[in-house]
Every structure is written in C-alpha cells, then in structure tokens.
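Hey, can you work out the whole structure from these sequences and the hints?
Those protein sequence lines, which keep their order, are chains A and B.
Sequential numbering from 1 applies to the first sequence in the numbering used here.
Sequential numbering from 356 applies to the second sequence in the numbering used here.
Treat the hints with caution; some may be incorrect.
Only pairs whose alpha carbons sit at most 30 Å apart, straight line, appear in this in silico DSBU-like list of lysine-lysine [to be verified]:
#1 B:K575 to A:K90
#2 B:K458 to B:K485
#3 A:K349 to B:K398
#4 B:K445 to A:K110
#5 A:K342 to B:K378
#6 B:K581 to A:K220
#7 B:K465 to A:K90
#8 B:K465 to A:K103
#9 A:K156 to A:K341
#10 B:K637 to B:K457
#11 B:K575 to B:K446
#12 A:K23 to B:K406
#13 B:K697 to A:K23
#14 B:K378 to A:K46
#15 B:K461 to A:K110
#16 B:K465 to A:K91
#17 B:K398 to A:K23
#18 A:K43 to B:K375
#19 A:K342 to B:K398
#20 A:K46 to A:K20
#21 A:K20 to B:K406
#22 B:K401 to B:K375
#23 B:K458 to A:K43
#24 B:K581 to A:K103
#25 B:K446 to A:K110
Just so you know, these hints were derived from the structure itself, not from any lab.
2 protein chains.
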Amino acid sequence: MRVYNFSPGPSTLPQEVLTKAQKDLLNYDNCGFSVMEMSHRSKPYKEINQKAQDLLRELMNIPDNYEVIFVQGGATTQFEAVPLNISVNKKADYVITGNFAKKAYKEALKYGDIAIAASSEDQNFTYIPKNIVFRDGIDYVHITTNNTIFGTKYAKLPKTSAPIVADMSSNILSEKMDVNEFGVIYAGAQKNLGPAGVTVVIIRNDLVDKTHELCPTMLKWSTHIKDQSLYNTPPCWSVYVMMLVLEWLKNSGGVEYIQKVNEEKAQILYDFIDNSDFYVNKVQKEDRSIMNIPFTTPSPELDEKFIAEAAENGLKQLKGHRLVGGMRASIYNAMPIEGVKKLVDFMKKFELENK
Amino acid sequence: MRVYNFSPGPSTLPQEVLTKAQKDLLNYDNCGFSVMEMSHRSKPYKEINQKAQDLLRELMNIPDNYEVIFVQGGATTQFEAVPLNISVNKKADYVITGNFAKKAYKEALKYGDIAIAASSEDQNFTYIPKNIVFRDGIDYVHITTNNTIFGTKYAKLPKTSAPIVADMSSNILSEKMDVNEFGVIYAGAQKNLGPAGVTVVIIRNDLVDKTHELCPTMLKWSTHIKDQSLYNTPPCWSVYVMMLVLEWLKNSGGVEYIQKVNEEKAQILYDFIDNSDFYVNKVQKEDRSIMNIPFTTPSPELDEKFIAEAAENGLKQLKGHRLVGGMRASIYNAMPIEGVKKLVDFMKKFELENK
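In structure tokens, the structure reads:
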C-alpha cells in the first residue's frame, strides 16, 4: 500500500507518473524495449529529451534568450560549475541562508574573490536577509531560493544589477517566477522535477562562454548546450520520468494551478501549528517556505515518538534534518492535499494524547 | 512485444531485472513508496547502495586495497577525473584504440605532459597495438579494454610498471579479469551494469589523494570514497537497477558462467561471418571483441536494407556507428544466446535473398 511520503528529497512523485512509468517499463511506446535500454542517439530518446525541454520552457515561460540543459552530478556539481562558467572578474557575492548556500559559497572560494554579502546564520537560518548591499564589479549574486532544511524562501529577490544565480532545487515550478529576473537557475530534479540523477540548468545566453581557463569540459555549460544535452550518454530514465512529471504538471493546470494548491497545503499546516501551543515552527512568517515545513513538539523525546507513530499511520520520512531536529514535512508539488490533511489530523490526535 | 535489442548502449537489460523493477516500482519492499522517492539517507537506500557495492566486489573479486565508488557523469567525466586525480608527475601515456580512447587522451592533454604511446588509427582501429614501449616517470598508462565502435578488445594487457587505468565501460563483467593488474577501472553502467546515470570507479588505494590542485570536489574520487558514494544525492534508481543486474549475474552463475555464454555467442556470430563470402568483419582475429561485432554486406545499400528488414523481424538497433558504417551487433551480458541465433538465422535468409 502507498503511504504519504514527506521525504525532503528524493521525494514523492505523482502516482499517475509512476503508474505510467511502470506500465511502459518493459516496452516503451511499442518499440519493444525499455527507455533504460534505448540508445540516446535513437529517435524515441531524442523525442523524450526534446519534449522534456519543451515542457519545461512552456511551464516556466522561459524566454528564447535562455538555454536549457540537462546534466548530471546534482546541484552540488553546479556549486563549482557556476564560478567555473561565469568567470569574468572572478568576483562574486553569496547570500547564506542555509547549509546548501554555504556549501555553494565554500566551493566557489577556490575560483576567485568570493564574499558573503549577507547571512542569516546568526539566527540559525530562520529568516531571509533583507536590504542586502552587494559589491561593485561582481560577476553574479548567488542565492538559494528555498531552503530545504530550515524551511525558508525568498518572498522577494534581492536588488542588484548583477545577474542572480539561483539554486532553485527545492522550489522550482512550485510557484510563478519570472525567469527574466535570473541570470542562471539550476535545480537537482529530485524534489519537484523527477527522480535523482538529472539536474536542470537554465542559462541566459550572454552568460555562456565566460568560462574559467581550467573548467573541465563536462562542467562547461556550453558543452551541453551545443549538443542539446546529448554530448555523452545522459541519465535517460531520469530525463524520461522528469518528462512525465512535467506532462503531469501541465495536464493538472500548470504552475498557476499548482501554486494555489501549494499555498493552500502550506496554509493548512502553518495555521494549525500557529494555533497550537504544542507545535512550533521557528521561521519568520514572511520568509516561510511553502515546500518544507519544519516543526517540533515540546521535547526531543516526543519528537521521536511523533516520527515513529506517524510512520505507523502511513505518514513517512518526517524526521527533521539533524541540524534542526524535530520533524519536517516536505510538501512538494506531488504531495496531494489529502496527505497534508491526514498529517494535521494525526498532529491533533498526537497532541491530545501527549499534552 | 519485447524484441532483441542490439543497441551499443544504453543496451538491453535482463528481462527478469526489468520485471522485478516494474513490480516494485510503486512500492519497494513494502515501504509504501518507490526507490525513486526515497531519501538517499534512508535505511533502505543505504542497503541498496551497500548491496550493489558488495555484489560488485564479489563478482569481480575486488581486493580489499581497492575502493569502489558510484558517481555521476559517465565515463566521459572520468576522462578528466583520471588526470585530475592521479597527478604526481603530471605525465601519462595513452594507447589509442578508438574514438573514446582518443577523447580520453584529448581531455587529459589539458592537465599535463600526455603522450600517445601507440595507436591503431593507421588501420582504422581494426587491431590492438602490441609490444608498446612506454615512457619513464609516467603516472599511469591509459587503455580502453574493449572498443565499442570498432569491435576490438585487449586479449593481453600491455606490459608496464606504471599503473594501468582502464576504461572498461563496454566489457566490464563480461569475462574474468584480475583487478590486481589495474590501478583504476572505470565504467559507465549502460552496457553491462545497468541503466545510464551511474558510473563505477574502482581505485587502488595508493592512487587516492594524488589530486591536481584544481580538481573540482565533485570530480575527486576521495570525496565519494569518504562518504561511500553518498556525498550528495546519488542517481538512486540507476544504482538500484544496477544492484538488480549484479544480483541477476550472481544468480546466473557469475562471471565465469557469463564468460562461457559470451564466448559462445561471439563464436556463433564470428563463425558464421567468417564462413560467409557475403558478410565481412574487418577486425584482426586475435583482437576481436566478444561484446561488439561490426559487420557489413557487400554494399551500403544492402546494409541499409539489412537494418530495416532486421528491425521488422524483431532484431533492433543494429545500425553501425557512423565512423564504421554497416551493422554492429552489441551482444552484452544481457543478450540471450537465442537473440544471437535469431540474428544469424536472419543473416542467412537475407544473404540468400540478396546475393
């Protein structure tokens, strides 16, 4: 039996996507073999690759002056690819809103004059820094649009004349965003896009070919742009399931629709937490994520009990990150509203039994 | 209906592996969700990751002084990772036996004093160079154990006191090999190991931590060794299916068994070609691959007709690489002997009809 799966990533996928992938697993589109057994130079695979790109462009309304590539190595590889690809003055500013933003900053340090423009570490990343002043002459500003661990997101982008490079792994496609406001967007697939193994990079074309002299060929965005993400064997199955997820999102009503659902899901959970004196979420209200919602009970012992009993009740992978403790409900696009309602029902029951 | 699929990669997978992956796709081991929806920090995924490693160690009889990691980016990423990771004298020799060997060489050029020790390009890669003399003071010798495009393989390894680094993408696990003879073995999964998206690297532990000062963290083997291939989100589904393939190989009788089958399959096809005055394979007999067998009919027009009619008869993806033309039968571990027999039957019939 399927459960409600609140994993922060790899995370729950739409059931109808999995059912379709399952049905066609041994024989895709009557070709007589699986997508996993298909030459990446074959017509059916090229169609999958193209369709995934077209759907992403349509759903995000990506302008023509942006390139879209599918690569391997996760957002973590982009932490290095970013400074290696945008290397003009070798100078960039980073905003630190959590663990992954910090990792991106640390990797970049090797490749130039990299500074922290602002950080919310002073309050354990429970807010997003505002009114940030950036240095002159920087190649880009790096931000993480949604923080998966601490559960924050930018309600407004920082003001800067430099291109904004955004790690959007945990909230891409969750709400309407204007791609024009970004220089580069990158995202590991395993939260809102599909299974792990593929990473999406969206690049404004004036930021291509400003590469560091020592950028490895496979980390160069231009390598993959030229060959339409077929420079070498791509992670075919991950791209295929991503295509199915994008198709599902389009058929569901697109980003505008899913944003409403996401906001409603988050509202239900935050309202319940805010009206309770048993559960706590520490994030500043205006900076709250609608994808990842950490919360605690009055004690670490009760947190543990909560996680165990929730799992017995079909609400799984709710354990919070070790840096925050407690619980975390990751409610990405594919989490149905019923899952959130069931979680709140369980939270009510647990509170009554343990208060 | 399933067909016989001779794709050079991504290539055919064992049907029972696909059937198992299909059955458990929505609900792995009764956990209530898919392997694609599982946190890579969760117990069941860690078990998959460990089991895949254990099975590979067992099947290849990998000694304890070798590390095994699963990474992303394909063998193509290792073309750069190799010189970036083994960087002592920054000097290495390459043997060029085809397209991918050449690509590996070209990428390495950026990182040191890299030379071609021998090449078979003079005869369009139809043989493996012998009695090669390597330079003194080199960090390693790079070879490609099996050439996917031209259909050659090393019957014997070259003699050298330097560590041999081998791209084994297209014949790993196809026959018994002594890992002790290699310094490093790497292989993209999409031929004999599983679906595309994961790359296996096996490293003798004295070759770890000799890294070039500018090696990106994600390309460093030590990064992935330290965290047992869980430094960042791995390509979970690809690792899982690889585990199923390794399990299938073990249950089938291991490498010793599959070697016999592979040799028999290749023999059937080579014997038929050699006894025909219609089909030609140009590779020197002692250097013939048992995985990839290119062949031609008397004309390019007939080749095209062959490929089209073979496909109509359930024998698919037989088109040769553009550098060679004609046909290529890739008969990796997962290709059943029945597939090869059916191909030979078709070849007979086609010859009779078109001679």
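Comparing the hints with the structure gives:
For a cut-off of 30 Å, the pair hint linking K575 (chain B) to K90 (chain A) stands: about 23 Å separates their Cα positions. The straight-line distance between the Cα atoms of K458 (chain B) and K485 (chain B) is roughly 21 Å, inside the 30 Å bound, and the hint therefore holds. At most 30 Å may separate the alpha-carbon atoms for a hinted pair to count; K349 (chain A) and K398 (chain B) meet this at roughly 28 Å. Between K445 (chain B) and K110 (chain A) the alpha-carbon distance is near 21 Å, which keeps this suggested pair within the 30 Å criterion.
Between K342 (chain A) and K378 (chain B) the CA atoms are separated by roughly 27 Å; this keeps the pair inside 30 Å, and the hint holds. Pair hint K581 (chain B) plus K220 (chain A) holds up; C-alpha atoms about 26 Å apart against a cutoff of 30 Å. Of the supplied pair hints, the one linking K465 (chain B) and K90 (chain A) holds, its CA atoms being roughly 21 Å apart against a limit of 30 Å. The suggested pairing of K465 (chain B) with K103 (chain A) holds, with an alpha-carbon distance near 27 Å, which does not exceed 30 Å.
Our distance criterion of 30 Å between C-alpha atoms is met by K156 (chain A) and K341 (chain A), whose separation comes to about 29 Å. At most 30 Å may separate the alpha-carbon atoms for a hinted pair to count; K637 (chain B) and K457 (chain B) meet this at roughly 20 Å. With a C-alpha separation of about 18 Å, the suggested pairing of K575 (chain B) with K446 (chain B) holds against the 30 Å cut-off. Straight-line distance between C-alpha atoms of K23 (chain A) and K406 (chain B) comes to about 27 Å, which keeps the hinted pair within the 30 Å bound.
Distance restraint check for K697 (chain B) and K23 (chain A): the Cα-Cα separation of roughly 27 Å lies within the 30 Å cut-off, and the hinted pair is therefore satisfied. Between K378 (chain B) and K46 (chain A) the alpha-carbon distance is near 27 Å, which keeps this suggested pair within the 30 Å criterion. Proposed proximity of K461 (chain B) and K110 (chain A) is supported: the alpha carbons are some 25 Å apart, at most 30 Å. Straight-line distance between C-alpha atoms of K465 (chain B) and K91 (chain A) comes to about 24 Å, which keeps the hinted pair within the 30 Å bound.
Between the alpha carbons of K398 (chain B) and K23 (chain A) the distance comes to roughly 27 Å, so the proposed pair stays at or under 30 Å and holds. As the CA atoms of K43 (chain A) and K375 (chain B) are separated by approximately 27 Å, the hinted pair is consistent with the 30 Å bound. Using a Cα cut-off of 30 Å, the hinted pair K342 (chain A) and K398 (chain B) holds, with the two alpha carbons roughly 24 Å apart. Simply put, K46 (chain A) and K20 (chain A) have alpha-carbon atoms about 19 Å apart, close enough for the 30 Å limit, and the pair holds.
For the hint linking K20 (chain A) to K406 (chain B), the alpha-carbon distance of about 28 Å falls within 30 Å, and the restraint holds. Taking the CA atoms of K401 (chain B) and K375 (chain B), the gap is near 19 Å; set against the 30 Å cutoff, the hint holds. Between K458 (chain B) and K43 (chain A) the CA atoms are separated by roughly 25 Å; this keeps the pair inside 30 Å, and the hint holds. Among the hinted pairs, K581 (chain B) with K103 (chain A) is consistent with the structure: their alpha-carbon atoms are about 17 Å apart, no more than 30 Å.
For a cut-off of 30 Å, the pair hint linking K446 (chain B) to K110 (chain A) stands: about 24 Å separates their Cα positions.
Violated hints: none; the structure is consistent with every hint.
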